[in-house]
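Chains as they are written, first to last, in the numbering used here: chain R, 296 to 446; chain U, 4 to 248.
Honestly, the hints are just simulated from the structure, not real lab data.
A portion of the hints provided could be inaccurate.
Here are some chain R residues pointing at chain U (derived, C-beta under 7 Å) [stated by the list, open to error]:
id: 1; residue: Lys310
id: 2; residue: Gly343
id: 3; residue: Arg344
id: 4; residue: Arg345
id: 5; residue: Ser346
id: 6; residue: Gly347
id: 7; residue: Arg348
id: 8; residue: His350
id: 9; residue: Ala377
Negatives, chain U to chain R, calculated, CB over 12 Å [to be verified]:
id: 10; residue: Ala82
id: 11; residue: Pro99
id: 12; residue: Asp187
id: 13; residue: Gly239
Each residue gets a CB set at the ideal place from its N, CA and C atoms; glycine is no exception.
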Amino acid sequence: MGEALPSRRQAQALKAWTRFHRWVYQRTSGKVLSRMRGKPTLLLTTTGRRSGRPHTVPLPYLADGDAMIVIGSASGAERHPAWVLNLIANPRVTVQYLADSGPANAEILADGERKAMWERINVEAPWYAGYQQRTSREIPLIRLTRTQPTD
Amino acid sequence: MALRLVQIAMNAQDDSAVGRFWAEALGWGVDSEGPGVTNLEPVGFAYPDPTAICIDVIAVPEPKTVKNRVHVDLATTSAAHQADLIARLQDLGATPADVGQGDVPWTVLADPEGNEFCVLEPRSIYRDTGPIAAVVVDCANPRAMARFWDQAMDWTLHEVTDDYAVLRSAKGVGPYLEFLRTPDVKTVKNRTHLDLRPYPGDDQTAEVVRLRALGATDIDLGQGDVPWTCLADPEGNEFDVLTPR
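For reference, chain U alone in the conformation it holds in the complex:
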């Protein structure tokens, strides 16, 4: 029995427009399972697979109000690649963003609805992640987050310090999941959340029970009777446990 991260769900007022931006940004294919949901994954991808964390863009009426606590870092292979990617993303509608990063080697941009993300300078650790180097979650206590998430999923904990924690899929492929200590506190529902799945044949309900025992709490986002379960991690970050696949 185990869970793994299969995708992130991003809220957007215009899921098609935000979906098209991210598909172009990542060089991925874009699809729609129905109105208000735009699904992104690498072209020719056999979903789900640990080599990529897919993206679902979900339409919501409410606009973004505060800096997101969950964002993606994009990988680059050289300084020229980083510069080219930044230029290309700005052509696609990205804008420079100031999240108080100061003078850093990476560049912070925002997508057409203002969702912040980073274009990283080349780093050897991210050379084989695919276009998304990492999904980054702001937190107050990386060690506590590492404890919870290491047990919640079958992902491998690679590193943990007072400032950050790093996990990656059990197969050692694909993007990293990182928890980064930040001083700001969570004030609103996260606009991007993690979607976890049990493996085929595993029991979704048993996994949810197990997560509650680890410190996850039930949350009501007005979701009603749906096939997934909404939970929050020990710092209140919303995430979903989907059906096995």
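For reference, chain R alone in the conformation it holds in the complex:
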């Protein structure tokens, strides 16, 4: 347990930005702020691992066939972000991309699958390698697979 980021001020600034980003995304159905650092962005809703409350975060993703890959980097913090801990406890999540929202299953990539995806990330989003250098934990890569066909 402890602070997830180097300083409380940074953590608060990140929280405020996340709140603002989520608010804009939800109100514009992703027409505004649907990209982060050039990557398409989704809203991931996990179930709070203790209270059961839903928590929604905006995350950039990489397409992987019909699935989407999100990265639990927390900018290289020593600890997994809260949403990763939540989906480890309960992999049934909700994913919204633009106006389209629905249930999905979250699965942490392991072994060869992770290695191959990490190599792809190094090419397409090379700043994550810098985040990995800041932390001793292995940054988890999560595949989100929709569990119902979309409209």
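Could you slot chain U onto chain R? The hints should help.
Below, chain U alone, put in the same frame as chain R:
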């Protein structure tokens, strides 16, 4: 089939600040499962476990308006410990509170958002509870509350009088749950409520049906479609039945 008390949920306008206060006060670890929720539990705790009643601090927009009907009592082991703890809590931002307690051996304080709590003088009954001696619920009729809560949970009813009722976990460990007769009536939604859980493999819906038969009523706090069920006990105290774990 049974339920047990696993945590209390405290509302706060600033869940991080109130969470930090209580983590320091109890010597517990602080975590956040997501924005607006700060989770507290003992360091190295295997949640859930009857040795502790955990605390979730939940952000709400509305401020506290009246004296809380649910509060915690903190345990101390000596007069010096009590004095030290009171001083330390005041350094952390607690303030003295007057709830009409008069001249009593315990000290009433309020956390940074005004939530009242007590720092008890040493009492042998609370020597092995952990930092929280008891979660105390104001009520009009302790005997009726004891009847409901004794059947609602697998906790053991230790004592019941016209003035108070005392329960503790079935394992005989951790804090007590107490119902204390008070003259004041409930006027607003409680700012702190009890969270109960079925055991793994038990049926949450069946437990809710059972509680309704015991006299619990459904309440709508605007919670919408959520994985927990909001109920009220026979005196209207809100509580939640969470998913099994």
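Checked hints:
no., hint, in the structure
1, Lys310, "holds (6 Å)"
2, Gly343, "holds (4 Å)"
3, Arg344, "holds (5 Å)"
4, Arg345, "holds (5 Å)"
5, Ser346, "holds (5 Å)"
6, Gly347, "holds (4 Å)"
7, Arg348, "holds (6 Å)"
8, His350, "holds (3 Å)"
9, Ala377, "holds (5 Å)"
10, Ala82, "holds (32 Å)"
11, Pro99, "holds (28 Å)"
12, Asp187, "holds (29 Å)"
13, Gly239, "holds (22 Å)"
When held up to the earlier numbered hints, the structure conflicts with none and fits them all.
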